[in-house]
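Colleague: One-letter residues, chain by chain:
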Amino acid sequence: MIPLDHYLIVSAILFAIGTAGVFLRKNLITILLSIEIMLNAVNLTFVAFGRSLGTVDGQIITFFVMTVAAAEAAVGLAIIIALYRHRESLNPDTFSSLKW
Amino acid sequence: MDGWLGVLIMLVLGVGFAAVMIGLSVLLGPKNPTPEKLAPYECGMPAVGDARERHSVKFYLVAMIFLLFDIEIAFLYPWAVALRDLGWPGLMQIVTFFMILSVGYLYVWRKGALDWAPAARARNALRRGPRKAA
Amino acid sequence: MFNSSFDAVVPMLCVTLAALAAMGAEAFRARDEKMPIGGLGIIGLVGAGVACALLWNRNTSSFGVIVADNFGLFVTMVLVIVGILTIMFSSQVLEVDNLPRGEYYALLLFGIAGMMMMATANDLLVVFISLEILSLAVYVLTGIRRDDPRSTEAAFKYFLLGAFSSAFFLYGIAFTYGLTGSTRLDRIGAFLAAQSMSDNPLILVALGLLLVGFAFKISAVPFHMWTPDAYEGAPAIVTGFMSTGVKAAAFAAFARVFLSAFEPFSQQWVPVIWVLAAATMILGTVVGVAQSNLKRMLAYSSIAHGGYLLVGLVAANQIGKAAILFYLLAYAITNLAAFGVIAMLASSNDENEELRDYKGLWHTHPALAAMMTVCLLSLGGLPPTVGFVGKWYIFSAAVSSGYYGLAVIGMLTSVVSVFFYLRVVVMMYMSEREGPEPVRPRIARMGMVALTLSVILIFYLGILPTRVLDYAAESIATIF
Chain A
0 MIPLDHYLIV
10 SAILFAIGTA
20 GVFLRKNLIT
30 ILLSIEIMLN
40 AVNLTFVAFG
50 RSLGTVDGQI
60 ITFFVMTVAA
70 AEAAVGLAII
80 IALYRHRESL
90 NPDTFSSLKW
Chain B
0 MDGWLGVLIM
10 LVLGVGFAAV
20 MIGLSVLLGP
30 KNPTPEKLAP
40 YECGMPAVGD
50 ARERHSVKFY
60 LVAMIFLLFD
70 IEIAFLYPWA
80 VALRDLGWPG
90 LMQIVTFFMI
100 LSVGYLYVWR
110 KGALDWAPAA
120 RARNALRRGP
130 RKAA
Chain C
0 MFNSSFDAVV
10 PMLCVTLAAL
20 AAMGAEAFRA
30 RDEKMPIGGL
40 GIIGLVGAGV
50 ACALLWNRNT
60 SSFGVIVADN
70 FGLFVTMVLV
80 IVGILTIMFS
90 SQVLEVDNLP
100 RGEYYALLLF
110 GIAGMMMMAT
120 ANDLLVVFIS
130 LEILSLAVYV
140 LTGIRRDDPR
150 STEAAFKYFL
160 LGAFSSAFFL
170 YGIAFTYGLT
180 GSTRLDRIGA
190 FLAAQSMSDN
200 PLILVALGLL
210 LVGFAFKISA
220 VPFHMWTPDA
230 YEGAPAIVTG
240 FMSTGVKAAA
250 FAAFARVFLS
260 AFEPFSQQWV
270 PVIWVLAAAT
280 MILGTVVGVA
290 QSNLKRMLAY
300 SSIAHGGYLL
310 VGLVAANQIG
320 KAAILFYLLA
330 YAITNLAAFG
340 VIAMLASSND
350 ENEELRDYKG
360 LWHTHPALAA
370 MMTVCLLSLG
380 GLPPTVGFVG
390 KWYIFSAAVS
400 SGYYGLAVIG
410 MLTSVVSVFF
420 YLRVVVMMYM
430 SEREGPEPVR
440 PRIARMGMVA
450 LTLSVILIFY
460 LGILPTRVLD
470 YAAESIATIF
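Protein chains in written order, with numbering that gives the first Met the number 0: chain A, 0 to 99; chain B, 0 to 133; chain C, 0 to 479.
Okay, chain A solo, but in the shape it has when bound:
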């Protein structure tokens, strides 16, 4: 059986990749995907902990997180579409009508 540490390391790496993506990528959709990667990294952590603790709580929590992530993605996409109509661009550096 794969020990708990390995799962935790993988999810930490995934979380770090997501975080880096939010800061480094220049496309709004990619940034949104990076946030989803972060949430999925957390899901992996939950499932791994749940398995090592011998309860199903971790998996149940994952269902809730998935649902929340989907709702968040829908709202995010809607806002991005509204923004694109004004700016004709998906590069966050062009959004400067408010001081960043």
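To be clear, the hints were calculated from the coordinates, so they are not data collected in a lab.
Glycine residues also receive a C-beta, built at the ideal position from the N, C-alpha and C atoms.
Be careful, since some hints might not be right.
Going by beta-carbon spacing under 7 Å, a handful of chain B positions derived as facing chain A [said to hold, decoys possible]:
1. Y59
2. M63
3. L66
4. I70
5. A73
6. L75
Fit chains B and C to the known structure of chain A by using the hints.
Modeller: This is chains B and C only, laid out in the frame that chain A set:
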């Protein structure tokens, strides 16, 4: 052998349901064939062309709505697995959950977000209320 | 209904039902039909308020994850007030800006339901879900003026940083769950108190991640970057709503998580929050002085007020905990009323939110100018307003716990902040307007009623605070 009876019933029900649905849509659905609709790979837009074409915003809208209603199914699986243990309270809870969801569905439907027709027709439909079956 | 496991959720059930009804009404509304959807919301909120009063002192809990203790009910009550005032202010804004009514009220009510859930949550997962419910509603409300690029941009920035921070928060929950085996706050607290885990670095990681998540939501420095942009771009009344409601709910959950579940680790987190509080007060005040846009100025002021609330959290003695609750109420009423004035003065094509737009307001709208003055003085913490009492209790709590440094920083920043609040007052009374008078909409009666109510509350709580303070003290007696 009798352990498989449930599977057989399940199979018959599944195939039967699909057959009835297809049959009904053949019998009752309006028929208005156009070359696009008769194309072997029909997905709502020309199958051949530049991949960088801009899509109508309708696609995003429907995709987002689909995403939201689709993911809620995730809650049905755990409920279905523990159906016997949860009993009536569990059924009431899942029904409440879907009642709330259906308010959202009603809203989306009445607002015309599911209409593929041009905006004018969607607006008319809103004013007159849902169209009667032709 | 009562004495069942559903008791504790009745307040948020009322609000949710009102929200669903608003959504249904909007769906089946004919094109030009006018509907009193706002009234529907007020009915739901009043129902929630009545339920709160009935649940007071009964300490019920639903399924173990929602607890209607007095602490949660006090915050729920604050949220009811915030909701009712927001709806009263909104009627005019919706008219002037031609915003979609049904959606607006439904989102507002869903947001309030999420906030109530967050204030009474006794489980980290429920805290997360309620956080998302309220956040998603508020993101959309921020961007509800779809044809205004600034509103959309504000919504996007708020969304991006909000989603980012909630991922951190969730990661913190995951570690807490892994280490303690539960997400229930009472069980986490019992586990941490029983076992000495201070040598385990993972629990500190969990604590840090949770802290980052909360700090984003209450816009503590250095996690405040989204606040000025989101507050400036959103419609003024939405800004008022989110700077009070979201903050109240987030602080309630913050206090509950850190003062009950993570109490055994206070040695570790108190110094960190000390630094956050000091930085938040100083930056919010200093940068606020430099602003020329009233909404942006009030955004920085609300950051500074978050700092004062953090002082109460650091000085978590009996006075401090009660002071947090009282200050939340004081700040909510005052700030919402101030943004209400801004919202009422905005016309459809010009928001009139630059400081110079307020020059000579006394001559054209004397009543509004007078009430705005009361709000600004209360925000600045001058007697005899509620802001003074709130600050007094926060700082005296800090002093009695021995945090003299924080108390001094707090008082100094309060004095500086009085300067920029008074600048607006002086502009409204003293200076004459150059150039043409800005176009102002007709002021709706409903908004004036809400504003008058707020001002009466500001004075009432400023002169006779004992009764409500007793309630606040009673609230924290049941937990912690």
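Colleague: Decide, hint by hint, whether the structure agrees.
Modeller: A quick look at each hint next to the structure:
The interface hint given for Y59 (chain B) holds, since its Cβ lies 6 Å from the closest Cβ of chain A, which is under the 7 Å cut-off. Restraint check, M63 (chain B) versus chain A: the minimum CB separation of about 4 Å is within 7 Å; hint holds. The interface hint given for L66 (chain B) is met, as the beta carbon of that residue sits about 5 Å from the closest beta carbon of chain A, less than 7 Å. The closest approach between the C-beta of I70 (chain B) and any C-beta of chain A is roughly 4 Å, which is under the 7 Å cut-off, so the hint is satisfied.
Hint status for A73 (chain B): holds, given a least beta-carbon distance of 5 Å to chain A, under 7 Å. Hint on L75 (chain B) is violated. Least Cβ distance to chain A is approximately 10 Å, over the 7 Å limit.
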